[in-house]
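**Q** Protein chains in written order, with the working numbering: chain R, 1 to 115; chain H, 1001 to 1112.
These are computed hints drawn from the structure, not numbers from a lab.
Restricting the straight-line Cα-Cα distance to at most 27 Å, the calculated cross-link-like pairs of lysine-lysine (BS3-like) are:
(1) R/LYS110 - R/LYS69
(2) R/LYS58 - R/LYS69
(3) R/LYS68 - R/LYS49
(4) R/LYS107 - R/LYS68
(5) R/LYS110 - R/LYS58
(6) R/LYS107 - H/LYS1065
(7) R/LYS107 - H/LYS1007
(8) R/LYS49 - R/LYS110
(9) R/LYS110 - H/LYS1007
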Amino acid sequence: AQSVTQLGSHVSVSEGALVLLRCNYSSSVPPYLFWYVQYPNQGLQLLLKYTTGATLVKGINGFEAEFKKSETSFHLTKPSAHMSDAAEYFCAVEEYGGSQGNLIFGKGTKLSVKP
Amino acid sequence: SAVISQKPSRDICQRGTSLTIQCQVDSQVTMMFWYRQQPGQSLTLIATANQGSEATYESGFVIDKFPISRPNLTFSTLTVSNMSPEDSSIYLCSVGSGNIQYFGAGTRLSVL
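Pulled out of the complex, with its shape left as it was, chain R reads as follows:
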């Protein structure tokens, strides 16, 4: 069965610092990978996705993630944190395309940004 591990339930960075949120997955086949963001009292918003092709994917709000098959990782980065980035981030994996079946989510990483 698929599983997703997000290292660190809580990450704190200073404004302007690098953001790195880690995600590792277990899958016997190349999966579809997603990062979602959840702002307080809101639903999940898609940040970016990897399906096929280029392994470095760019998303909204300056975030990007790199699919590394050899490391079974899909870490999320942003060069310079902004106060508005404070939210909870979820990594998710799906075998059959994202819209067709079960998304398996990690437990989430809450990002705090200090002024």
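Assemble chain H onto chain R, guided by the hints.
**A** Frame of chain R; chain H shown alone:
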């Protein structure tokens, strides 16, 4: 993309009662999903609801506890039946469109 409206946004309910959550989409979609997010936990899929067929439930979830309706391609409801405090969670509706799942804002349920 798809815009999803969920009602109610939050509710506080008494033990033993039932709550029906509505999910409305701004476009016709084949597949709709219901997830649960327990406090401090990640999202877990409850069931997949396709229009015109019975919902498909994931392991650990049963129709008697979480009956789902899907009367048309833009609407679905999830009922949380005979609630207990353990049902206190966020319940989210999502739809599949173009290789992506889009989520509603969720329903925050507290059971006393």
